[in-house]
Amino acid sequence: MNRELINAPGLAQPRGYTHAVSVEGARKLVFVSGQVGIDEQGAIVGPGDLKAQATQALRNLVTALAATGAAPADIVKMNIYIVNYTQSDYRAFRDARTEVLPQGDPPASTLIGVTSLAAEGLMIEIEAVAALA
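Following our numbering, the numbering of the sequence shown begins with -12 at its first residue and continues without gaps.
Everything labelled a hint here was simulated from the structure, so no lab data went into it. Mixed in with the good hints there might be a few duds.
To be verified - Pair by pair, the computed Cβ-Cβ distance ranges are:
#1 Pro34 x Ala7: 19 to 27 Å
#2 Asn(-6) x Ser20: 24 to 32 Å
#3 Gln90 x Ala53: 16 to 24 Å
#4 Ala7 x Gly100: 37 to 45 Å
#5 Arg78 x Gln0: 24 to 32 Å
Stated by the list, open to error - Straight-line distance between alpha carbons at most 20 Å, and here's what the computed EDC-like set of lysine to aspartate or glutamate pairs gives:
#6 Lys64 x Glu(-9)
#7 Lys38 x Glu107
#8 Lys38 x Glu(-9)
#9 Lys64 x Asp26
#10 Lys15 x Asp36
#11 Lys64 x Glu86
#12 Lys15 x Glu27
#13 Lys64 x Asp36
#14 Lys38 x Glu27
#15 Lys15 x Glu114
#16 Lys64 x Glu11
#17 Lys64 x Glu27
#18 Lys15 x Asp82
#19 Lys38 x Glu11
#20 Lys38 x Glu114
Ideal Cβ positions, reconstructed from N, Cα and C, are used throughout, including at glycine.
Work the whole structure out from these sequences, hints included.
See below:
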């Protein structure tokens, strides 16, 4: 599989994401539904604490990927939804991402502020697409 990370000339240099990811010859694509900050029993981890919920959501994402045979390095696209987003929230997400995901070439990503998620108390939801050779 050929995976090319593209930061296009003429666009501002991205911080923490890649403008585009081109995948050629992927044998398998994995689409992971939005993962939230809940534990295995379904309880919210860190009520009111965005970093704690982001950390748990990312751990859940890694677990879901592993169940398909994929790893974080296979992620080519990530969407992040944060309730009542303010710019200071990005730091909490970034710190959680640094803690849970390996450093390296970041996937194409979109961070979207939303008014609510599926359940009261959830602050973040993360979905991803992974491509395996």
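Item to check | Pairwise hint evaluation, Glu107 against Lys38, where the allowed Cα distance is 20 Å at most | outcome: At roughly 17 Å apart (the allowed maximum being 20 Å), Glu107 and Lys38 satisfy the hint.
Is the hinted pair Lys64 and Glu27 satisfied, with a Cα-Cα distance of at most 20 Å?
violated, 25 Å
Note to self: Hinted pair, alpha-carbon criterion (20 Å max): Lys64, Asp36. Please report holds or violated.
What the structure shows: violated, 25 Å
Item to complete: Given the hint that Lys15 pairs with Glu27, test it: the Cα-Cα distance must not exceed 20 Å.
Response: Between Lys15 and Glu27 the Cα gap is close to 27 Å, so the pair fails against 20 Å, i.e. violated.
_Holds or violated: Lys64 to Glu86, with C-alpha atoms at most 20 Å apart_ = Given that 20 Å is the threshold and the Cα spacing comes to 19 Å, the pair holds.
* Asked: That 24 to 32 Å hint for Arg78 and Gln0 (C-beta), does it hold up?
  -> At 19 Å between Cβs, range violated.
Does Lys15 pair with Asp36 here, judged by a C-alpha cut-off of 20 Å? violated, 35 Å
For the pair supplied as a hint, Lys38 and Glu114, is the alpha-carbon distance within the 20 Å limit?
holds, 17 Å
Next on the checklist: Holds or violated: the 16 to 24 Å window for the beta-carbon distance between Gln90 and Ala53?
Outcome noted: holds, 19 Å
Q) Between Lys38 and Glu27, is the straight-line Cα distance small enough, at 20 Å or below? A) holds, 18 Å
- prompt: Given the hint that Lys64 pairs with Asp26, does the C-alpha gap stay at or below 20 Å?
  reply: Violated, because 24 Å separates the two Cα atoms, which is more than 20 Å.
> Should the hint that Asn(-6) and Ser20 are 24 to 32 Å apart at their CB atoms be regarded as holding?
Replying inline: holds, 28 Å
Checked against the numbered hints listed earlier, the structure breaks hints 1, 4, 5, 8, 9, 10, 12, 13, 17, 18, 19; every other hint is satisfied.
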